[in-house]
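> First to last, the protein sequences are chains A and D.
Residues in the first sequence are numbered from 1 upward in steps of one, following our numbering.
Residues in the second sequence are numbered from 1001 upward in steps of one, following our numbering.
Mixed in with the good hints, there may be bad ones.
Unchecked claim - Short, incomplete list of chain D residues facing chain A, as computed with Cβ under 8 Å:
#, residue
1, Thr1051
2, Ala1116
3, Ala1120
Stated by the list, open to error - Here are the computed lysine to any residue pairs in the SDA-like style, where the Cα-Cα straight-line distance is at most 25 Å:
#, chain 1, residue 1, chain 2, residue 2
4, A, Lys122, D, Leu1066
5, A, Lys122, A, Glu76
6, A, Lys122, D, Arg1072
7, A, Lys122, D, Arg1126
8, A, Lys122, A, Asp6
9, A, Lys122, A, Pro110
10, A, Lys122, A, Glu31
11, A, Lys122, A, Glu136
12, A, Lys122, A, Thr4
13, A, Lys122, D, Asp1119
14, A, Lys122, D, Glu1094
15, A, Lys122, A, Arg46
16, A, Lys122, D, Ala1037
17, A, Lys122, A, Thr53
18, A, Lys122, D, Ala1116
19, A, Lys122, A, Asp43
20, A, Lys122, A, Ala11
21, A, Lys122, D, Ser1027
22, A, Lys122, A, Leu32
23, A, Lys122, D, Val1092
24, A, Lys122, A, Ala77
Said to hold, decoys possible - Here's a subset of chain A near chain D, in silico, CB distances under 8 Å, partners left out:
#, residue
25, Ala102
26, Asp113
27, Val115
28, Arg118
The set of hints was computed from the structure by calculation and includes no laboratory data.
Built from N, CA and C at the ideal position, the CB exists for glycine as well.
If you want the building blocks of each chain, they are given just below.
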Amino acid sequence: MPMTIDTEHVAGSPQIAVISLIGELDASNFELLVANVRQAYDDGARGLVLELTELTFMASSGLVALYSAVRIMRGEAPPDPEAGWGALHEMAEDHDPDAAPAVRLAGLQPPVDRVLERTGLKRLFDSRPTRADAIESIQGT
Amino acid sequence: MSGAATRTLRIPAEVARMGELRAFVRSSADAAGLAPAAVADLVQAVDEAATNIIVHGYEGTAGEILAHARRRNGRMEVRLIDWCRPFDPTAVPEPDLSIPPLERKPGGMGVHLMRAGADAVHHRVRPDGGNELTIVRVIDRQPGED
């Protein structure tokens, strides 16, 4: 499997899970990321930082995992992984920045950033330069 | 990669093998002199194409994908050969990205990334069955190069 997933909990209000993806997110492992987010939510996390500094590749299936993460942190069921673009379409429809869930992307690298740009979905994900910025943006100072 | 040398990789049609395919494309494209951003684009295009073959072509049944990579006439070409039913991803309609996401029709996310990462994609049904998909990326000339 070309990816390692590390989860760390950060105390505070709300409790945050920092999930670090190291390697390549693709069709073989995007469901594993969804399972890790689900576990973090079940363990009490209500904020999520996806630390992507060491994520060197993301396939289109990774977008479905990112969307699933947002849904799970809202307390909703993740979408059918087979729904693909349809699932993201649905996400765009109910995207409300004022009710944005506490999910942040941190440390986006160019190849992954390009996937978000090229699919027109970058604006749907709140992205911060570093993990510390991302945590602060959820918990405040 | 020098001259018209072709590198070949044959893998089972399983998503768990895509990392191997990406490494093959990355090392071939690096050796051919593609710039890092172009290498990443080609890797993305080939991954999306091969994943499509596995998910929509073989549909979970056992099979193989044969990949050839070569540099030719200032272009890097990756050819994917499969033995599944005829499927032409270049015929999948392109999503209109000028339309806001919430107004778009669903479909074609992986195929869109395949096209976006390539300068050209060609498909043909092989006479003995299966598909041949050629993904092309132009190699930018370096300063001082002929």
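> Against each hint, give a clear statement of whether it holds in the structure.
Here is how each hint holds up against the structure:
no.: 1; hint: Thr1051; verdict: 5 Å, holds
no.: 2; hint: Ala1116; verdict: 5 Å, holds
no.: 3; hint: Ala1120; verdict: 17 Å, violated
no.: 4; hint: A:Lys122 - D:Leu1066; verdict: 34 Å, violated
no.: 5; hint: A:Lys122 - A:Glu76; verdict: 21 Å, holds
no.: 6; hint: A:Lys122 - D:Arg1072; verdict: 35 Å, violated
no.: 7; hint: A:Lys122 - D:Arg1126; verdict: 39 Å, violated
no.: 8; hint: A:Lys122 - A:Asp6; verdict: 24 Å, holds
no.: 9; hint: A:Lys122 - A:Pro110; verdict: 12 Å, holds
no.: 10; hint: A:Lys122 - A:Glu31; verdict: 21 Å, holds
no.: 11; hint: A:Lys122 - A:Glu136; verdict: 21 Å, holds
no.: 12; hint: A:Lys122 - A:Thr4; verdict: 24 Å, holds
no.: 13; hint: A:Lys122 - D:Asp1119; verdict: 23 Å, holds
no.: 14; hint: A:Lys122 - D:Glu1094; verdict: 19 Å, holds
no.: 15; hint: A:Lys122 - A:Arg46; verdict: 22 Å, holds
no.: 16; hint: A:Lys122 - D:Ala1037; verdict: 19 Å, holds
no.: 17; hint: A:Lys122 - A:Thr53; verdict: 17 Å, holds
no.: 18; hint: A:Lys122 - D:Ala1116; verdict: 16 Å, holds
no.: 19; hint: A:Lys122 - A:Asp43; verdict: 28 Å, violated
no.: 20; hint: A:Lys122 - A:Ala11; verdict: 28 Å, violated
no.: 21; hint: A:Lys122 - D:Ser1027; verdict: 29 Å, violated
no.: 22; hint: A:Lys122 - A:Leu32; verdict: 22 Å, holds
no.: 23; hint: A:Lys122 - D:Val1092; verdict: 23 Å, holds
no.: 24; hint: A:Lys122 - A:Ala77; verdict: 22 Å, holds
no.: 25; hint: Ala102; verdict: 22 Å, violated
no.: 26; hint: Asp113; verdict: 10 Å, violated
no.: 27; hint: Val115; verdict: 7 Å, holds
no.: 28; hint: Arg118; verdict: 5 Å, holds
Of the hints listed earlier, those the structure fails to meet are numbers 3, 4, 6, 7, 19, 20, 21, 25 and 26, in rising order.
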